[in-house]
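Listed below, chain by chain, are the residues.
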Amino acid sequence: MPAFSLSAEPFSPEALRVELADPACGGYASFEGWVRNHNEGRRVLRLEYEAYEALALKEGERIVAEALERFGVRRIACVHRVGGLAIGELAVWVGVSAAHRDEAFAACRYVIDEVKQRLPIWKKEHYPEGDSGWVNCERCAQPSAHAHGHDHVHPEPLELEFSSLTAARAAGYELVDVRERWERDADPPGLRITRHLPLSEYMNGRSRLDDLNDGGRYLIVCAHGVRSLALTEELRAHGHAAVYSLRGGLAALRA
Amino acid sequence: MKSIEVHYYAILRDQAGRRSEQVETGAATAGELFDELAVRHGLALARDAMRVAINDEFGDWQHSLRSGDRVVFIPPVAGG
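The listed protein sequences derive, respectively, from chains Y and P. According to my numbering, the first sequence is numbered sequentially starting from 1. According to my numbering, the second sequence is numbered sequentially starting from 1001.
Some hints here could point you the wrong way.
Stated by the list, open to error - Some but not every residue of chain Y turned toward chain P, in silico, with C-beta under 10 Å:
id : residue
1  : 50
2  : 116
3  : 120
4  : 171
To be verified - Covered stretches of chain P (in silico footprint by chain Y; criterion: 3 or more residues with CB under 8 Å from a CB of chain Y, positions within the stretch not fixed):
id : segment
5  : 1041-1050
6  : 1068-1080
Unchecked claim - Here's a subset of chain Y near chain P, in silico, CB distances under 8 Å, partners left out:
id : residue
7  : 52
8  : 121
9  : 122
10 : 136
11 : 172
Think of the hints as simulated: they come from the structure by calculation, not from any bench. All C-beta atoms, glycine included, are put in the ideal place defined by N, C-alpha and C.
Okay, chain Y solo, but in the shape it has when bound:
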């Protein structure tokens, strides 16, 4: 059985868990991703996953190999569903066995995070209103691409959730850090967000954000998602359609 696989049918983690058993292991950690009945403020009825199978299998194996190497765990397996899924169904499973629990948890977390960001797999949500949408794609589509075939207006959420800043950038958002300078000084070196506009400066003279109406999509970021949400509401009220607030702020990413 390969360490990473795609399954067009429902599968039971129990059989896979047994495969990870090893007398040298004192810990086992697993993660299950389930189909949720809502996303970004809309009710969801069911999902379809579609994979670019040849590349997804290669990339999945690479992720597992990286986790084995990086965390020194004993065994890893990961299965991702493709095809149609109902609410509550198991969509992805990761299992890790290791000598000790710390590395089992860490490797499990690494695999699911990388799977979400790197695997060429797409998710189509079906909504009660009869329409559907490709997650993370619809906002990257140009206005002419609103292909639902009807003319209702989707309520745009103010807040968006991302697992990392990399994921937000990959989804096509330009990040705007509105924390104060002293807050940024304490950041770890890798975190720096290029575009910085302290909220205090915006409050002093509000012309500085006019260029946020240039057709791009902007994700406003602060420490806990409070200031960024307030600023997003303010900007929306002033006609900036494509600004969003990172829910929970940077603290949510580091948790």
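Here the structure of chain Y is known, so what remains is to put chain P in place on it, guided by the hints.
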């Protein structure tokens, strides 16, 4: 002219109205090929929000195309 095998997934498959096609093109790079097909099929996805794969490996938009290459444009992913 070269002959390139192009596969479409997810939102791009919906927009292109097909899963794959054989394209005769003068495009030198993967990026030029996407721009050409975006116009032909009305693909309304920004290139810088996507990745590209050539012969089942991630590549970049500057990748020089050769006849027989298999190209897949990769919209923002959403596994998990």
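Hint check:
no.	hint	result
1	50	holds (5 Å)
2	116	holds (4 Å)
3	120	holds (5 Å)
4	171	holds (5 Å)
5	1041-1050	holds (count 7)
6	1068-1080	holds (count 8)
7	52	holds (5 Å)
8	121	holds (4 Å)
9	122	holds (4 Å)
10	136	holds (4 Å)
11	172	holds (4 Å)
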